[in-house]
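**Student:** Heads up: the sequence shown at position 143 corresponds to 150 in the numbering used here, and the numbers run straight through without jumps.
Wrong hints could be hidden among the right ones.
Claimed, not checked - Computed spacing ranges between beta-carbons, pair by pair: (1) D143 with S123: 15 to 21 Å; (2) D60 with E106: 24 to 30 Å; (3) S104 with C15: 33 to 39 Å; (4) E103 with V22: 42 to 48 Å; (5) G27 with R174: 55 to 61 Å; (6) R183 with R124: 44 to 50 Å; (7) S123 with G36: 39 to 45 Å; (8) L185 with S119: 50 to 56 Å; (9) Q81 with A190: 36 to 42 Å; (10) Q77 with T138: 18 to 24 Å.
No lab work stands behind these hints, which were simulated from the structure alone.
Beta carbons are placed, not taken as given, at the ideal position from N, Cα and C, and that holds for glycine.
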Amino acid sequence: MNKALIGCGVVLVIVALLAGIWLTGLYNGLVGRDEEVKKAWGNVENVYQRRADLIPNLVATVKGSAEFEQETLQNVIEARSRVGQVSGAALQGVLESPEKFAQFQAAQDGLSSALSRLMVVVERYPDIKSTVAFQDLMVQLEGTENRISVERNRFNEVAQGFNTAVRRFPAGLVVRLLGWPFAERPYFQAQAGADTAPKVEF
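All chains, please: the whole structure from these sequences, using the hints.
**Tutor:** So this is what it looks like as C-alpha cells:
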C-alpha cells in the first residue's frame, strides 16, 4: 500500500511539474505576442507623429506662397489639434480600451480628411505646387501616408495573431480562469466611405 501511495505521489509531482512547465510556456508565449502588439503600436504612433510634425511646415509653406483659403488651413490646424488631444497621456490604455482606440482612429481619420481637402484646394493654386519647399513637403507627406498604411496593416496582423492566441482553446480558458492580463486588441478599420470609389470628373 505504501508503494502505491508513493507511486501516486510521484505521478502527481510529475503531472504538476509538466503542468507548470506548460503554463509557463503558455504565459511566456502570450507575453511575447503582447510585446509584439505594443511594438507594432509604437510604430503606428511614430508615423502618425511624423505626419503631425510635418503639418506646421506644410501650413507655413502654403500660407507663405499664396493668398489661400483660410478656412481650409484652419481645418487642418484644428484636426491636428484634435489629434494632439488624443496622444501622450490620453493614450494610456488605448490598446485595452476599444473606446479609446476608436477615439484615436477618429482623430487620425479627421486629420487625413482635412489634409485631403487641403490637397484638393491646392490644385487651384499652381504657384504653390511649383515651389520646391512645397514639393518636398508633399513627397514627405505622401511617404508618411504610405508608412501609416503599412504600419496599420502590420499592427492589424500582429493584433490578429495575439487575439487568436488569447481566444484559442485551451489558452483562452486558462487566461480567464487564472485572470491573466491579456485582453483582445482592437483593429484599425477603414475610414468611413473608403468602400465607395471616388468620382473622377474631367
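**Student:** All hints, please: hold or fail.
**Tutor:** Consistency of the hints with the structure:
no.	hint	verdict
1	D143 with S123: 15 to 21 Å	holds (19 Å)
2	D60 with E106: 24 to 30 Å	holds (27 Å)
3	S104 with C15: 33 to 39 Å	violated (48 Å)
4	E103 with V22: 42 to 48 Å	violated (34 Å)
5	G27 with R174: 55 to 61 Å	violated (23 Å)
6	R183 with R124: 44 to 50 Å	holds (46 Å)
7	S123 with G36: 39 to 45 Å	holds (41 Å)
8	L185 with S119: 50 to 56 Å	violated (41 Å)
9	Q81 with A190: 36 to 42 Å	holds (39 Å)
10	Q77 with T138: 18 to 24 Å	holds (19 Å)
Violated hints for the displayed structure, listed by number in ascending order: 3, 4, 5, 8.
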